[in-house]
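Student: These are the residues of each chain, in order.
There are 2 protein chains.
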Amino acid sequence: MTRKAAILGAGVIGAGWAARFALMGWDVAVFDPSPTAKATVEAALDRARASLPALYDSPLPPEGRVTHAADLAGAVRDAAWIQESVPERLDLKHTLFQEVQAHCSPGAILASSTSGFTPTELQAGAQRPGQIIVAHPFNPVYLLPLVELVGSGETPRDLLAKAEQVLDSLGMAPLTIEAEVPAHIADRLLEAVWREALWLVKDGVATTGQIDDAIRLGFGLRWAQMGLFETYRIAGGDGGMAHFLRQFGPALKWPWTRLMDVPELDEALVQKIAAQSDTQSGAHSIAELEAMRDDNLVSILRVLKDRNAGAGAVLRGHEAGLALPAPDPDTPAMPVTLDRQVPVTWVDYNGHMNEARFLQAFSNACDQLLHWAGMTPEAIAAGHSVFTVETHIRHLDEVQIGDRIRVKARVIEGGGKKFHIWQELWVGDRLCATGEQMLLHVDLATRRSAVPPDRIANWLARAKAAHADLPWPEGVGRAVGQRA
Amino acid sequence: MTRKAAILGAGVIGAGWAARFALMGWDVAVFDPSPTAKATVEAALDRARASLPALYDSPLPPEGRVTHAADLAGAVRDAAWIQESVPERLDLKHTLFQEVQAHCSPGAILASSTSGFTPTELQAGAQRPGQIIVAHPFNPVYLLPLVELVGSGETPRDLLAKAEQVLDSLGMAPLTIEAEVPAHIADRLLEAVWREALWLVKDGVATTGQIDDAIRLGFGLRWAQMGLFETYRIAGGDGGMAHFLRQFGPALKWPWTRLMDVPELDEALVQKIAAQSDTQSGAHSIAELEAMRDDNLVSILRVLKDRNAGAGAVLRGHEAGLALPAPDPDTPAMPVTLDRQVPVTWVDYNGHMNEARFLQAFSNACDQLLHWAGMTPEAIAAGHSVFTVETHIRHLDEVQIGDRIRVKARVIEGGGKKFHIWQELWVGDRLCATGEQMLLHVDLATRRSAVPPDRIANWLARAKAAHADLPWPEGVGRAVGQRA
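Chains Z and C supply the protein sequences, listed in that same order.
Sequence positions in the first sequence follow my numbering and run 1 to 484.
Sequence positions in the second sequence follow my numbering and run 485 to 968.
Pulled out of the complex, with its shape left as it was, chain Z reads as follows (with noise of 0.2 Å):
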C-alpha cells in the first residue's frame, strides 16, 4: 500500500525527507513556493538515488512518485505523515500548523525539522496541540539514520509510538527523548563543540582545516561506532566507569574551554572563518563536497552494517524486511536469488564493477539459495556448513555503479555431499556473467565434508530436479581459455 507524506519546506533538510520517503515507497507532495525549490529536491532525489539503495543488499521498494502542489491543502490532504522543515521562527511555524490542521486528517502525524523549539512551544495555539511532535533529523536525511522524536504532555503515547513505526520502515533510528530541552541532545552537543571552534579559530589558536583534522583523525573515527560513554568506559579499563569518573573528575575543573561566554560573530571573524574554509575546501564545489561526504559514508554504513555495529545494526534491521521471496523448489525455473544495486564501494580503477565483487555477488547469491534450503544461522550454528572448492567466471559484459543486478540460480547437483551450481548475473536483458561453483557441505568441527541435513539435502534434490528439465547452459564445463 502507497502511503503519502507531505514535506513542507524544500530546503535542503525538506528535500533530504523528500528523497527519503519516496526511495522508501511513499508518494511524496511537496510544498515550497521558493522558486528553487524543485530544483533542490531533484538534487537530492538524484542524491538520494546514488547513495540509499547503495547500503542495501537487498532491493527496495519501487520508488513513490514525487509531486509539488500548489497549495498547502492540497499537499497535506490525505497524508499519512506532514513533515515541515522551514526557518527556524515560532511565528511562522504557528501559523503554518493552523493552515495545516485545517486541511489535514487528524490521524495524520504531523512532525517539525526543528533543532530549536520544544514541542510544547510549537503546540501552543493549535487547533490539535496533541497531533503536532518534533522529529528532528541530521543532513544529509537520506543517509544519517538519527531522528530525535520529542512528544509533549499533550502527546498521546500511541501517536509516538505510531511514529516510531513509520521511522523504522524508512530505516532510520528514532531517539525518543522524554524531556522537552532547546535543542534536544545532539544539537546540545554540536553547539557546545561550534562555540569552542570558534574560540580557537577567533584567537588564532587553529584553522578551520586543523580543527577538522583534529576531529575526523581523531576522536571523529571513535564517534562513528561507539559514542562518548562507551568509549571512555573502555579508557576507564577494567575499573570500570566510576573509577574512570573519579580519575576524570578533577581536570573537568580546569579552566580548558573558552565556553564560560558566546563568541561575537562578528563580520571579522565571518570573513576569517570564510577565507580559511576556502584555502581548506574551496577546489571542491558543493556538489563535489556533497558526492565525496555522500560516498564516504555509503561507505563506513556498509562496513558497520558488516560488523553489526551502531548505525550498522539499524541497517542490519531494516534490511531484514527487504529480503526476496522464498521459492518453491519444485518450480522447473532458475530462481532470482539476488536483487540489488551495485554501491559505489564495488568500483575499480577501470571506472565498472571490480571482478572481485562479481565473485561476491554470486557468493551472496549461493548463500541466499541455501539459506532457503535450510542453511539457517541455527543450522551453522549447528555445525552445518558448506564451503566451495572451485569456482569457474566468465565476463561477458562490464557492470556499472549504481547499476541493479539480479542472479538466477540453476542447482546442477545437489542433495548430497556435492553441491554443483550454475549461475547467471543480469542487469536488464544483458548476460553480463557466469559463475559455475562446486562446493562441499561440511561439518565445522571436523572442517570436513559430510552429508547435509535431511531438510537441506531433500530442497536441493527437489530443485536439482526442477531444473533438469531447462535447456542446458551455454559455458558450463568449461576451463579458462576453453572455446564452446
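Note that these hints are calculated values from the structure, not bench results.
Cβ coordinates follow ideal geometry from the N, Cα and C atoms, glycine included.
Just to be clear, a hint being listed does not mean it is correct.
[To be verified] A few chain C residues that face chain Z, going by a derived Cβ cut-off under 8 Å, partial list only:
#	residue
1	Ile718
2	Gly721
3	Met776
4	Asp778
5	Asn780
[Said to hold, decoys possible] Just so you have them, the derived chain C footprint on chain Z, three or more residues with Cβ under 8 Å:
#	region
6	139 to 146
7	191 to 199
8	212 to 218
9	288 to 300
10	385 to 396
11	473 to 481
With chain Z's structure known, arrange chain C on it following the hints.
Tutor: Chain C only, in chain Z's frame:
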C-alpha cells in the same frame, strides 16, 4: 636500521605507543615500575597485532623487540624517541624529565603525551628545555593517526620537523599547533561535549546510551570523514561559508547550552552515570569492547583508505612507502605479487577468509604485476587497461583471519592482446588456492581489446619467457569438477 623508542609510563596510552612503535619496526624499552605494566603492554601488543597490519595491503616491517627496563637510565639510553605518558601531575613530570635528560642523548626527542599541560609548563626548570615537546595521541594509539604536536618558543624548528618525520614513518598524522593553549585542540572540543553530556545525564534529559546513540547514529558518522567546518560548508550550500555563518549567527546566542558552569561531579552523579553505563555496555567485558572498537575502526579506516578520504588519505600516503620491491622480469622464478595479513573485514560466517576475498587477493596481486609491467595510473589515465574475461579458482585449504598470505604469479601468455596468468596463494608452506585468469588488454575509450603499449608488452613477454622453463603447474586448464 632499527631505532629505539623509550616508553615511560605504560598505562593505556603508553602501552599503545609501545605497540605502535614496535609494529612499525622500532625496538622499544618500556619503563614503568607498576606490577601491571607488563600485562598492559602485552595486551596492547596483542590488540595491535590483530588490527594495525590489517589496515595495510602491504606487509609492515619486521616487529621490533619490546623489553622492560629495570631503570630509567637504561630505558632512555640510545633512544631516538622518548615518550612520557605518566599521570597528569606537573611535579611528577618535572622530576622525570630531569632524570631523563641526565641519561638520554641530547639529540633525542623527548615527547609528552599530556593532554593538559603546555610545552612551556613542561619545560620549566629543565636542563635542555628545547628538547621537550608535546606529542598528544588518541586512544587507541596503535590505530588512530592523530598526534597533536606542540612546541614552545624554546623549541628548535628542526626538532619539530624531525618529530613530524618520525610520526609520519609510524603511519601517524602529526598536527603541529602553533599556539600553546591548555588541552591543545581536540581535548578542548571533547571537554565541551563532555560537560554538556554530564548536564544532560544529571538533569535526566537523556541516559548515557541515548547520548551515545545521538552521537554515533548522526554527527559521529559525519565526523569520521569530514570535520565540523567542511560539514557546515556543505550545509551552507552554494551561498558559501559566510552565508552559512550569517544564517547561523543568531542561533549562537540562544541559551542552548548549560556550559556556563561546570556540573558538580558528586558521588550521586558518578553513581548515576556508572549505573546507566552498566545498563548500556555491561553485557561486554572491557576486553570485548576493545576488540569490537578495534574491529570497527579497522573496517572504517579501510574503506576511508579506498576512498582516499580523511584518515584514509594518511594510510595511503604511508602505505606507498611499504610497497613490494619490483622484480626483474627476466628472473626464472614466480615473483611474489602480494604479501599481506588477512584483515577482519574479510571474514565470513564460516569464520574464515571468504571466497570472494581470494579473488580480491588474486585481483590485487595481478594489478601489482601489471603495475610493475608499466600499467601505472598514468598509463591507465592515457586509456590503457586490462579487463578480466575468465577466472578459475581452486580452494585447496582454508585461510584464517590474521594469516599472512603471499601470492606468486606465473605469466603463461603475455605480450599481445591476451594475458594468461597463473597465481598461487600461500600461507607459509601451505598452498591454499590457485587462480588461473585470462585477461584482455583494452582501450578504455572503445572498451575493446587492443595491443598494449610496447613497454608493457615487452615486460610481459620477457616474464613469459623467463617463466617458460619452470615446472608446469598442476591444475592449469582444468574445468570445474575435472580431475587431474
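Student: With a C-beta cutoff of 8 Å, work out whether three or more residues of the region 473 to 481 of chain Z approach chain C closely enough for the coverage to hold.
Tutor: Contact hint for the region 473 to 481 of chain Z vs chain C: holds, 5 residues under 8 Å.
Student: Does Asn780 of chain C pass the interface hint, meaning its C-beta sits closer than 8 Å to a C-beta of chain Z?
Tutor: Nearest chain Z Cβ about 4 Å off; hint holds.
Student: Count the residues of the region 385 to 396 of chain Z with a beta-carbon closer than 8 Å to any beta-carbon of chain C: does the count reach three?
Tutor: This one holds; 10 residues, not fewer than the three required, reach chain C with a Cβ under 8 Å.
Student: Check, residue by residue, whether the region 288 to 300 of chain Z contains three or more positions whose beta-carbon lies closer than 8 Å to a beta-carbon of chain C, and give the verdict.
Tutor: Three-residue rule met by the region 288 to 300 of chain Z, so holds; n is 9.
Student: Can you take a look at whether the region 191 to 199 of chain Z is actually covered by chain C? Rule is 3+ residues, C-beta closer than 8 Å.
Tutor: holds (count 8)
Student: For the region 212 to 218 of chain Z, do at least 3 residues have a Cβ located nearer than 8 Å to some Cβ of chain C?
Tutor: Three-residue rule met by the region 212 to 218 of chain Z, so holds; n is 7.
Student: Verify the interface restraint on Met776 of chain C: the C-beta must sit less than 8 Å from at least one C-beta of chain Z.
Tutor: Holds, about 7 Å.
Student: Would the hint on Ile718 of chain C be counted as holding, given a Cβ-Cβ threshold of 8 Å to chain Z?
Tutor: Interface hint status for Ile718 of chain C: holds (5 Å vs cutoff 8 Å).
Student: Less than 8 Å between beta-carbons is the criterion; does Asp778 of chain C satisfy it with respect to chain Z?
Tutor: 10 Å, violated
Student: If you take the shortest Cβ to Cβ gap from Gly721 of chain C to chain Z, is it below 8 Å?
Tutor: 6 Å, holds
Student: Taking 8 Å as the Cβ threshold, is the statement that the region 139 to 146 of chain Z is covered by chain C upheld or broken by the three-residue rule?
Tutor: holds (count 4)
Figure legend: structure checked against the earlier numbered hints; the only hint not met is number 4.
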